[in-house]
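**Q** Respectively, the protein sequence lines represent chains S, A and G. Position one of the first sequence corresponds to residue 1 (UniProt numbering), numbered consecutively onward. Position one of the second sequence corresponds to residue 1 (UniProt numbering), numbered consecutively onward. Position one of the third sequence corresponds to residue 1 (UniProt numbering), numbered consecutively onward.
Worth flagging that the hints you see were computed from the coordinates, not collected in a lab. Hints are not guaranteed to be accurate.
[Claimed, not checked] As a list, the in silico BS3-like pairs of lysine-lysine whose alpha-carbon atoms are at most 30 Å apart:
| id | chain 1 | residue 1 | chain 2 | residue 2 |
| --- | --- | --- | --- | --- |
| 1 | G | K822 | G | K954 |
| 2 | G | K228 | S | K204 |
| 3 | G | K301 | S | K223 |
| 4 | S | K151 | G | K2 |
| 5 | A | K221 | S | K92 |
| 6 | G | K954 | A | K256 |
| 7 | G | K688 | S | K151 |
[Stated by the list, open to error] A few chain A positions that, by computed beta-carbon distances, are all more than 10 Å from chain G:
| id | residue |
| --- | --- |
| 8 | L29 |
| 9 | Y30 |
| 10 | R34 |
| 11 | Q39 |
| 12 | T40 |
| 13 | D41 |
| 14 | M93 |
| 15 | F100 |
| 16 | D119 |
| 17 | I123 |
| 18 | V132 |
| 19 | L224 |
| 20 | T234 |
| 21 | G241 |
| 22 | I294 |
Ideal Cβ placement from N, Cα and C applies to all residues, glycine included.
Letter by letter, the chains look like this.
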Amino acid sequence: MTQLALVIDLNVCVGCHACVTSCKQWNTSGWAGPMVDENPYDADPTGTFFNRVQTFEVGNYPQTETVHFPKSCLHCEDPPCVPVCPTGASYKREDNGVVLVDYDKCIGCKYCSWACPYGVRELDEQQKVMKKCTLCIDRITDQTLPESERKPACVLACPTSARLYGDVHDPDSEVSVAIRERGGYPLMPEWGTRPANHYLPRRKTRMHITEDELQRADNPLTKEDITVYTGEETLDDVTW
Amino acid sequence: MHPAFSVIFLTTLIGAAQGLFLALFTGQLYASIRLIEPQTDVFYAVGSALALGLLIAGLGASFFHLGRPERAWRAATRWRTSWLSREVIVLPMMMAVVFFYGLFHWLEWTDPFVVLGDDMLAIDATFVIGAVGTLVAFALYVCTAMIYASVKFLEEWHSPYTVGNFIFLGAGSGFMLAAAYSAYIGNHLVGFYGTWAVILTLLGLATRGATLVRNVGLRHKSNLQTAIGVRHRTIEQKSQGFTGSSFNTREFFHHKSPEFLRLVRLAFLVLVFPVPILLIALAYVTQSATLPIIAFVAQYLGLLAERWYFFAEARHPQNLYYQSVA
Amino acid sequence: MKDPVVHTDREIGQTEVKETTCYMCACRCGIRVHLRDGQVRYIEGNPNHPLNHGVICAKGSSGIMKQVSPARLTKPLRRKAKARRGESQFEEISWDEAMTLLADRLKKLRAEDPKKFALFTGRDQMQALTGMFAKQFGTPNYAAHGGFCSVNMAAGMIYSIGGSFWEFGGPDLEHAKLFVMIGTAEDHHSNPLKIQISKFKRRGGRFVSINPVRSGYSAIADEWVPIKPGTDGALLLALIHEIIKVGLFDREFLIQYTNSAELVIDDPQRDDHGMFYRDASAEVTEGCTDPQNKLWWDRHKGQVLTHTEGADPRLMGNYTLTDGTPVKPSFQLLKERVERYTPEWAEGITGIPAETIRRLAYEMGVTARDQKIELPITWTDCWDKEHDTVTGNPVAFHAMRGLAAHSNGFQTIRSLSILMTILGTIDRPGGFRHRAPFPRPIPPCPKPPHGPEAVQPDTPLDGLPLGWPAKPEDLFVDDDGAPVRIDKAFSWEYPLSVHGLMHNVITNAWRGDPYPIDTLFLFMANMAWNSSMNTSEARRMLTDTDENGDYKIPFLVVVDTFSSETVAFADLVLPDTTYLERHDVLSMLDRPISEFDGPVDAVRMPVLPPKGECRPFQDVIIELGARLGLPAFTKEDGSAKYRNYADFIVNYETSPGSGIGFLAGWRGEFGEKYLKGEPNPRQWEHYKANGCVFHHELPRSYQFMRNWNKGYLHWARSHALTRWAEPITLHVYSEVLNRFRAAAQGRRPGRQPPEHLRKRVETFFDPLPFYYEPLETQRIDKNRYPLNALTQRPMAMYHSWDSQNAWLRQIHSHNYLFVNPKVAVAQGISDGDWIWVESHLGRVKCMCRFSEAVEPGTVWTWNAIGKAAGAWALSPNADESKKGFLLNHLIGEELPPGDDGLHLSNSDPVTGQAAWFDVRVRISKADEQEPRMTEPQFAPMKPLPGQEGRPRGKWQAYVAGMFGRK
Ligand SMILES: Nc1nc2c(c(=O)[nH]1)N[C@H]1C(S)=C(S)[C@@H](COP(=O)(O)OP(=O)(O)OC[C@H]3O[C@@H](n4cnc5c(=O)[nH]c(N)nc54)[C@H](O)[C@@H]3O)O[C@H]1N2
Ligand SMILES: Nc1nc2c(c(=O)[nH]1)N[C@H]1C(S)=C(S)[C@@H](COP(=O)(O)OP(=O)(O)OC[C@H]3O[C@@H](n4cnc5c(=O)[nH]c(N)nc54)[C@H](O)[C@@H]3O)O[C@H]1N2
Ligand code: SF4
Ligand code: SF4
Ligand code: SF4
Ligand code: SF4
Ligand code: SF4
Ligand SMILES: [Mo]
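Given the sequences, and given the hints that come with them, work out the whole structure.
**A** Here it is, written out as structure tokens:
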């Protein structure tokens with residue numbers, strides 16, 4: 001069975017929010033749209049976004065790490081948001097594992113959002129139905145798009161390619177390899193939701209320099225170690 | 001969680017309605033085995049009407065919770081997995097039961113089919129309906145409670161106590177209402193219902209108290225470390241990714257101060273438990289007709305606070321992701 | 001809902017895709033705009049574009065909201081006769097009225113005194129056209145944002161290595177092993193830098209960020225080195241010290257390609273002390289900026305001409321030439337200079353432990369030396385030596401305004417250039433790489449006019465308004481050494497202010513110093529808000545009147561697309577288009593988008609019709625040029641030479657028959673030539689067919705070592721990129737600076753600085769890099785104002801442009817001051833508190849946010865998020881004006897008064913770069929009783945005629961093809 005997902009590489013994410021607004025622009029005019037904004041030009045502007053980029057600080061100065069952390073629906077393999085839905089509006093696709101909401105069935109009871117520990121579902125406050133990341137289902141399944149573009153909008157946008165997309169059940173996919181080889185992990189594993197999306201941790205490159213490397217025979221200083229006799233007294237002048 | 005008044009009213013109103021129904025039927029049962037004085041059918045009919053009224057009011061309140069109430073019927077489709085769906089099915093059943101229970105009494109269709117024992121227990125239609133209704137009422141308590149108790153992420157709710165609370169507090173307030181009703185019409189069941197109400201309220205105090213104790217010491221499974229997958233003692237969110245509000249900041253947090261929360265807790269602990277119990281006791285002593293009514297009203301108000309607190313107290317793990325604006 | 005698998009997007013409406021170039025920021029990525037029934041459905045990166053390779057950023061993805069923004073201006077507006085400036089009371093006028101009004105006024109100024117017209121442009125990408133208009137008009141008073149942006153970066157590096165970061169060059173992260181990023185938050189190469197950093201990290205490269213703050217790119221650095229603001233000069237000099245001391249410099253590179261081994265006269269008694277010794281008999285190219293007539297000291301033969309075959313010159317020591325002249329190799333002078341700049345010394349200034357500084361020096365030196373890259377590319381150097389390979393020392397740097405926007409930035413950036421040079425990393429793989437038209441001679445050839453006589457009525461300016469002085473005679477001053485330009489650029493106060501000093505225009509014009517002007521014309525510059533320093537004062541000056549009640553700055557023209565804060569102050573407002581509605585040219589004459597591998601330029605082509613009566617400013621300026629009868633825009637008979645901008649672009653040549661025009665691609669009658677060639681009437685079509693971009697990839701052998709690459713330099717000359725094919729020797733020692741210093745010391749015949757500036761020029765025009773405390777800091781009581789306040793660009797906002805953007809403003813609707821918790825707690829301030837931030841100029845109120853990712857002596861905020869109430873079509877209650885704040889109110893455009901009694905710009909004394917980041921502040925908790933609202937507050941700006949009504953309603957649900965339609 002296929003389980004499509006995103007793998008997000010925190011090692012290279014610079015927190016640019018490209019995935020936030022590219023998602024908004026694709027989806028607001030797409031299958032899952034509109035993505036409504038409230039108070040667009042007033043105090044407390046708010047609106048539906050399927051993806052947010054957050055910032056955390058880890059540790060204390062000066063050992064501080066700043067972590068940019070994008071988060072959208074994780075398309076859990078065992079999605080707690082689905083069984084609780086009283087209408088069946090929330091469902092997980094059998095063919096590719098994407099978790100979706102059918103707006104025509106949704107009654108806006110918000111119960112699914114309570115049942116998601118990750119805070120990725122958002123009620124559209126105007127249409128009063130639940131909305132969330134669709135993994136850009138209308139792109140990834142659109143056979144009329146060229147293969148290279150059959151990817152989520154946020155993945156195509158991401159300038160650091162921190163967002164990998166693919167089938168986590170296919171052991172040879174880019175995402176599976178990344179998870180396996182680079183320590184990909186799920187969020188809040190304690191709940192057994194088995195998120196399909198994974199995160200790749202930070203990695204550090206360090207340099208180690210030994211004494212020998214500093215003092216080498218070809219040191220250019222050896223070419224310059226000349227002295228000039230300026231007439232001062234030396235042992236040569238005073239010993240016999 | 002953000003306490004939504006629709007849900008607060010829904011759960012408290014139907015809880016009391018179910019309790020009232022249970023009280024009526026308990027009364028009928030006791031009366032039929034002659035432990036207490038039998039009541040007129042009108043008593044049951046009016047009582048049922050009252051319960052039905054509360055159920056309808058609760059249902060009405062629940063519609064305010066739905067974004068798309070016109071599609072509410074769809075909510076009955078997922079009863080296999082969703083406690084909400086189950087509630088949606090059981091609630092109308094409850095209403096039907098209460099309706100027919102009242103209607104049969106009103107029409108005095110109370111000729112017994114059989115009489116058990118030595119003329120001890122006459123089984124009539126209302127008795128059957130009442131018995132079924134008792135099951136339905138408990139089922140509804142369980143459904144309602146399980147909507148909350150089944151969400152494992154809301155660890156304050158995810159415990160059998162929640163079911164206990166809904167049952168005891170709902171039933172307690174229903175019996176309290178029955179006592180008030182009795183006092184109002186001036187029959188002799190004030191003491192009977194009052195005693196039950198006190199017992200149920202005390203049971204409620206036990207479970208609710210246990211819940212509070214449990215929740216104080218609750219160690220949440222999720223923390224920032226598991227939320228973002230970084231192993232470090234000091235993690236702080238600086239930016240949630242947007243500077244205004246969002247559904248996630250509105251739905252899952254009460255935006256009230258800890259002092260306010262403590263105040264609400266104190267209010268419900270006083271209003272739900274000691275006040276009505278004392279009032280009932282006092283009513284018993286003074287034979288007052290108004291005190292039981294006040295007792296019910298006080299308890300109901302307390303329950304509103306209790307339900308508010310119930311929501312506010314629950315800390316959703318998603319809030320780990322929505323803590324700071326920058 | 002339809003099953004998404006069956007559903008396709010195409011069913012929803014008629015879609016078409018058009019290609020153009022993004023302008024949500026200055027990066028200029030290629031984009032594909034999908035339209036559905038005439039509305040923008042989706043904007044994606046163009047995968048075939050050399051710059052962004054298909055990716056797009058947060059701003060680029062929000063272009064849709066720019067089109068529907070209620071802040072759009074749609075009508076030409078004139079201030080109502082009775083209304084006061086700044087009250088934003090306007091009446092609509094027709095374009096013809098507007099143009100007539102403007103042309104009449106300007107015609108008169110041009111006939112009387114052209115310098116009374118000042119044209120200043122902000123984050124403009126068409127300086128080639130605006131600059132040319134100014135020159136044609138005859139006014140010296142023209143500049144764009146460069147002076148308040150990063151001119152220190154441009155000047156500091158171009159005067160040292162002939163190229164620079166910013167849009168002119170960058171780090172080669174494809175080959176680098178160690179990447180050191182200093183003082184950069186977001187930068188112009190926005191997407192390309194992100195692409196590169198991520199690839200670099202994935203390849204396992206080591207990334208070090210030196211910045212007082214850890215955010216954005218620095219977040220993913222392997223090591224964060226927090227530094228005290230304004231002290232990088234000390235760090236860089238200490239690194240140089242250590243690298244020289246341990247011998248980790250690239251000797252071969254220094255000898256062959258830099259002036260390190262060239263001999264400098266070392267005799268303080270002589271007037272030519274500090275100048276290179278020149279061999280009068282050597283053959284030189286006439287007019288060449290940096291002729292090859294200097295000497296080396298060969299270890300065997302003694303003095304020889306540089307690049308003598310087989311010579312092995314000394315970098316150190318002191319020598320006496322045969323004529324008795326005492327000399328030293330310039331490297332020896334550098335070595336002596338950095339002697340005292342030890343890591344321990346730098347630790348005290350920068351706050352970086354000496355151990356760390358040493359380690360960084362070793363990492364750089366050892367990586368450069370031991371991880372050398374050899375690319376199998378043959379090339380020939382200027383001395384006809386053939387090389388089989390190109391060598392790279394894979395240490396790459398990148399720096400931007402963190403270095404530039406300080407008043408010691410020029411010398412700091414000189415230090416950086418020298419560090420990069422001694423590591424041997426210039427235009428080599430894995431180091432710094434030029435982008436065409438760079439490298440250019442040091443300094444480049446264009447010069448500003450030299451005196452007031454260059455400005456004559458009804459005559460184009462004699463020279464370019466901006467240029468690259470190489471000696472005092474190139475300054476734009478009168479006989480008394482007083483400035484000719486309104487911003488005092490190219491005067492003795494800021495001699496190398498190669499991009500002008502836009503930040504002083506308002507103050508100078510208001511004060512009438514050096515003279516009053518009549519018309520201030522602002523294009524794309526929000527000078528009443530985020531691009532002015534001391535903003536509250538600037539706003540006051542714009543409305544200030546003389547004794548007769550006339551405005552001190554009599555006429556203000558603003559060309560903008562949106563209802564910015566500045567629009568409120570205009571007398572005449574001209575509504576411009578958005579980037580999706582017009583032609584634009586990102587020209588080789590200005591700042592193209594060249595890649596390391598060769599020149600690239602690009603265009604925008606309209607994908608939507610202009611909104612309302614908006615007109616592309618380019619068309620306007622060309623029409624205005626014709627109406628004024630400016631030679632370049634009119635035919636012999638006085639009629640307009642060009643129909644519009646598109647026509648102009650195709651047909652204009654810098655001079656008749658030069659073959660150089662705005663666009664480099666597809667020149668020649670049939671589009672067969674590039675860079676230089678006859679005008680091609682079908683040029684636009686070629687661009688359109690090629691994704692709006694022209695990219696010429698150089699042969700591999702021309703891609704590296706371009707300063708000394710004979711093949712490249714001759715190619716560049718024959719394609720009109722440069723005038724000389726001489727090698728561009730790197731200036732470790734800057735003789736150019738010494739010329740100014742010598743003048744100040746009275747050692748040099750010719751122009752002399754006025755007495756009161758002698759000391760200043762002598763001090764700052766040091767031919768060797770040195771460290772000094774930023775000028776404002778020198779004049780401020782540091783106990784009273786213990787903190788440095790900085791701004792950073794947020795990645796999801798461009799300056800002040802995007803608050804009108806319904807999506808982007810949700811990411812940043814207001815800002816906080818980030819403070820290290822230790823510092824805040826000591827002041828009794830808690831996270832989230834309202835606080836006062838106070839500088840010597842005044843105070844602003846804002847909210848505090850704790851951060852462990854900021855050096856404790858620093859506080860910072862996001863740039864330009866706070867807005868004036870009512871501007872940008874936001875509600876007067878919008879977060880931007882209630883909770884957001886602007887730091888600029890605290891930053892002086894002039895230095896705090898000193899004993900000299902002079903009005904000196906708060907700028908670098910060499911280049912006039914605005915010292916945004918020198919501001920010192922203190923913070924304190926706001927009283928609980930005070931309103932929870934930012935201060936200062938300004939009376940809300942009113943909606944303008946032609947602007948869509950406000951409020952716009954509570955909801956906005958954009959769906960392309962349906963939005964706003966019934
Ligand atoms: N998204 C976005 N992109 C933009 C822009 C925008 O507004 N938004 N603006 C564009 C423009 S016009 C420009 S000029 C560029 C500027 O690009 P940057 O130079 O990257 O711009 P700043 O945001 O000013 O970043 C300055 C950085 O220097 C640091 N800094 C300040 N003082 C010091 C110091 O003394 N030493 C060191 N080491 N660091 C210091 C600050 O913390 C900050 O990280 O960005 C361009 N790109
Ligand atoms: N405190 C502080 N202040 C700073 C800086 C800082 O780091 N800190 N950075 C400085 C720097 S580096 C720069 S470059 C400046 C930038 O300063 P400016 O260039 O003056 O300001 P911007 O906000 O970029 O916008 C100028 C105007 O251009 C308008 N505009 C946008 N698109 C168009 C268009 O297509 N046509 C026309 N006609 N107008 C358009 C906008 O509406 C806006 O009013 O800010 C400087 N100010
Ligand atoms: S687009 Fe990529 S780099 Fe930018 S915030 Fe999203 S994941 Fe991070
Ligand atoms: S992340 Fe939340 S919404 Fe998405 S599948 Fe998992 S539980 Fe459901
Ligand atoms: S809000 Fe909609 S999708 Fe969510 S549980 Fe209710 S009906 Fe299902
Ligand atoms: S996969 Fe699509 S819907 Fe999900 S966050 Fe990315 S762009 Fe948005
Ligand atoms: S980096 Fe600048 S030019 Fe490129 S997509 Fe973003 S806003 Fe547009
Ligand atoms: Mo800038």
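**Q** Each hint needs a verdict: does it hold in this structure or not?
**A** Results for each hint:
1. G:K822 with G:K954: Distance ~42 Å between K822 of chain G and K954 of chain G Cα, so the pair is violated.
2. G:K228 with S:K204: Between K228 of chain G and K204 of chain S the Cα gap is close to 24 Å, so the pair holds against 30 Å.
3. G:K301 with S:K223: 15 Å, holds
4. S:K151 with G:K2: 20 Å, holds
5. A:K221 with S:K92: Between K221 of chain A and K92 of chain S the Cα gap is close to 26 Å, so the pair holds against 30 Å.
6. G:K954 with A:K256: 26 Å, holds
7. G:K688 with S:K151: 27 Å, holds
8. L29: 51 Å, holds
9. Y30: 55 Å, holds
10. R34: 61 Å, holds
11. Q39: Q39 of chain A clear of chain G: closest Cβ-Cβ about 54 Å, beyond 10 Å.
12. T40: 55 Å, holds
13. D41: 52 Å, holds
14. M93: Nearest chain G Cβ is 31 Å from M93 of chain A, so the label holds.
15. F100: Holds: least Cβ distance 40 Å, greater than 10 Å.
16. D119: 63 Å, holds
17. I123: About 52 Å separates I123 of chain A from the closest Cβ of chain G, which puts it past 10 Å; holds.
18. V132: 39 Å, holds
19. L224: 14 Å, holds
20. T234: 8 Å, violated
21. G241: Given a closest Cβ separation of 7 Å, the condition is violated.
22. I294: About 41 Å separates I294 of chain A from the closest Cβ of chain G, which puts it past 10 Å; holds.
Of the numbered hints listed earlier, those contradicted by the structure are 1, 20 and 21.
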